[in-house]
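J.: The listed protein sequences correspond, in order, to chains A and B.
If you use the working numbering, the first sequence corresponds to residues 38 to 208, in order.
If you use the working numbering, the second sequence corresponds to residues 80 to 500, in order.
Mixed in with the good hints there might be a few duds.
Unchecked claim - If you anchor each label on the Cβ, the simulated ranges turn out as follows: (1) B:Pro-286 - A:Glu-183: 52 to 58 Å; (2) A:His-41 - B:Ser-178: 34 to 40 Å; (3) A:Asp-161 - B:Glu-341: 43 to 49 Å.
To be verified - Covered by chain B, per the in silico footprint, the following chain A stretches (three or more residues, Cβ under 8 Å): (4) 52-60; (5) 94-108; (6) 129-143.
By construction, these hints were calculated from the structure, which means they are not laboratory data.
We put the beta carbon where it would ideally sit given N, CA and C, even for glycine.
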Amino acid sequence: MTSHILKGKAIKYGDDVNTDVIIPARYCTSFRAEELALHCMEDLDPDFLRKRRPGDLIVADSNFGCGSSRENAPLAIKGAGISCVIAKSFARIFYRNSINIGLPILESPEAAEAIAEGHDVEVDLGAGRIRDLTTGASFSAHPFPEGIQAIMAAGGMVGFVRARLAADTTA
Amino acid sequence: MGMTIAEKILAAHAGVPDVQPAELHFAKLDLVMGTDITTALSAEVFAQMGAEQVFDPDKIALVNDHFVPAKDIAAATMAQTMRRFAERYGIRHYFELGSSGICHTLIPDEGLVAPGDLVVGADSHTCTYGALGAFASGVGSTDMAAAWALGETWFRVPETIRVVFGGRLSEWVGGKDLILRLVADLGEEGARYKALEFTGDTIEALPMAGRFTVCNMAIEAGAKTGIIPADDVTRAYLKGRGTRPGVYHRPDPDARYLRTLEYDVSGLEPLVACPYSPANVKPVSQVERLPVDQVVLGSCTNGRVEDFRVAAAILKSRGVHPKLRLIAIPGSQAVFRQLLDEGIAAVLAEAGATISPPTCGPCIGGHMGVLGPGERGLFTTNRNFKGRNGHPTSEVYLSGPAVAAATAVTGKITDPRILMG
Ligand code: SF4
Numbered sequence: 038m039t040s041h042i043l044k045g046k047a048i049k050y051g052d053d054v055n056t057d058v059i060i061p062a063r064y065c066t067s068f069r070a071e072e073l074a075l076h077c078m079e080d081l082d083p084d085f086l087r088k089r090r091p092g093d094l095i096v097a098d099s100n101f102g103c104g105s106s107r108e109n110a111p112l113a114i115k116g117a118g119i120s121c122v123i124a125k126s127f128a129r130i131f132y133r134n135s136i137n138i139g140l141p142i143l144e145s146p147e148a149a150e151a152i153a154e155g156h157d158v159e160v161d162l163g164a165g166r167i168r169d170l171t172t173g174a175s176f177s178a179h180p181f182p183e184g185i186q187a188i189m190a191a192g193g194m195v196g197f198v199r200a201r202l203a204a205d206t207t208a
Numbered sequence: 080m081g082m083t084i085a086e087k088i089l090a091a092h093a094g095v096p097d098v099q100p101a102e103l104h105f106a107k108l109d110l111v112m113g114t115d116i117t118t119a120l121s122a123e124v125f126a127q128m129g130a131e132q133v134f135d136p137d138k139i140a141l142v143n144d145h146f147v148p149a150k151d152i153a154a155a156t157m158a159q160t161m162r163r164f165a166e167r168y169g170i171r172h173y174f175e176l177g178s179s180g181i182c183h184t185l186i187p188d189e190g191l192v193a194p195g196d197l198v199v200g201a202d203s204h205t206c207t208y209g210a211l212g213a214f215a216s217g218v219g220s221t222d223m224a225a226a227w228a229l230g231e232t233w234f235r236v237p238e239t240i241r242v243v244f245g246g247r248l249s250e251w252v253g254g255k256d257l258i259l260r261l262v263a264d265l266g267e268e269g270a271r272y273k274a275l276e277f278t279g280d281t282i283e284a285l286p287m288a289g290r291f292t293v294c295n296m297a298i299e300a301g302a303k304t305g306i307i308p309a310d311d312v313t314r315a316y317l318k319g320r321g322t323r324p325g326v327y328h329r330p331d332p333d334a335r336y337l338r339t340l341e342y343d344v345s346g347l348e349p350l351v352a353c354p355y356s357p358a359n360v361k362p363v364s365q366v367e368r369l370p371v372d373q374v375v376l377g378s379c380t381n382g383r384v385e386d387f388r389v390a391a392a393i394l395k396s397r398g399v400h401p402k403l404r405l406i407a408i409p410g411s412q413a414v415f416r417q418l419l420d421e422g423i424a425a426v427l428a429e430a431g432a433t434i435s436p437p438t439c440g441p442c443i444g445g446h447m448g449v450l451g452p453g454e455r456g457l458f459t460t461n462r463n464f465k466g467r468n469g470h471p472t473s474e475v476y477l478s479g480p481a482v483a484a485a486t487a488v489t490g491k492i493t494d495p496r497i498l499m500g
């Protein structure tokens, strides 16, 4: 998730998009991103799969990803080809899960407010910069706390734990 | 500077004298809990991490509850993965059909959580264990795998909101109504990333079953955990269960709270959360007479013997309305045995209830009572999001066991105070 430029169109949602609508439990007998992706958002927005193109971004209001602890939710979004989720705020388990599995997420109330459906958006993940290419407006995302940056620098939680375990055995 | 209970528990487990909100700490875990729906992925991630052993096989609990008895081949395969993981790593607290139950009903009853513990579980309602004065929080599968490997995880220290409930609850009003009142006021994100600390004489007088219900739904307001200070009620419940004494934390008198909410709950009406949010709460009197197709009594929110006692008192010699289906789901095998011992199972069966084995089932729209297109349910569960309990056009109202049982009798959403007049 370091210095990486993402580009795509914005798909907008409102407040409290919960994990049950991101990926209903009836599909959670799988945890393969590509299988989950086939049902991503289907109860909230049956058009989602038809309208999204690889690289598109989800831009949402507050408390995105609330509800269940299911990691299937960020996996489904990632599997659907969404490059990044920008929201006014994220529910905490979804936030942790996204960092752990490497789905880029950015918290920016200003960007979430200003960017409209279908706008072209460019994100510089390393710098935390969000640009609405349709309007030319630019926004900065809340920086990640230091401890979380360490996990991201290790390439997610798997890499982080691998490194910790290796350090423990050589210590 | 004084600390709240959440801060004290995090400090103790991070090995530091004190913590401040917004600090990030790695902290040691007393218990890591997983279920059939989250563990299979964790097992795969655990292998990818290159881990060869778990930090402590006695501090891990694995529970078959969500899609049990296996609803299809895919669910059976996930359960099999968990079973094999438990065997391979010698997990002592592995719970199989016949002695299992819904994780959040089972784990406290098994004495696996002590006051002052720090617990994570790969299930969002892990916050239930806060009813024992523990800090317990939900995480995802990758975090659980990391916790298995390291025995610790990171926490951002949350600010605490203090909630003071005062006054005496009326008959047919209980823990569910307290927490629905609060979630309605806070909204789905009002406590996002915060700890809730529940106090006041209503809480002190509340039996453990009601306390579990209150803490269970802290997450519905976005909270990271919900904690009730452990006291003599906790001590009595834990007698003969836990093997560890635990630490009975109290908040310091000068602890800092983000805010304090105070309620006088004398005269509180039975409440109902309307579709499609647990925060969309109305007094039962405002939704009375809506016809209902199916009532579900159970779940980790209201699946204890105390809940079924309330329901049985209403259902006894009344019977389930012929146009309505009543599904009763004991929260665990132990609860089921209590229902048999106390004659409650017979009351339910005679009334016309279908008694299900302990399972999450319809609470998560898995099986054993999923709703069809346009159907209306009234469930004692904790979430009624669109599509959660079945077809996306179905809708679920949430309530405590008294409203649920009264509704099962009349076929329409019913105020138990009127039915039982
Ligand atoms: S009963 Fe419902 S809320 Fe509780 S653990 Fe099961 S699915 Fe989750």
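J.: Indicate, hint by hint, whether the structure satisfies it.
T.: Here is what the structure says about each hint:
no.	hint	in the structure
1	B:Pro-286 - A:Glu-183: 52 to 58 Å	violated (44 Å)
2	A:His-41 - B:Ser-178: 34 to 40 Å	violated (49 Å)
3	A:Asp-161 - B:Glu-341: 43 to 49 Å	holds (46 Å)
4	52-60	holds (count 5)
5	94-108	holds (count 8)
6	129-143	holds (count 6)
Comparing the model with each earlier hint shows violations of hints 1 and 2; every other hint is respected.
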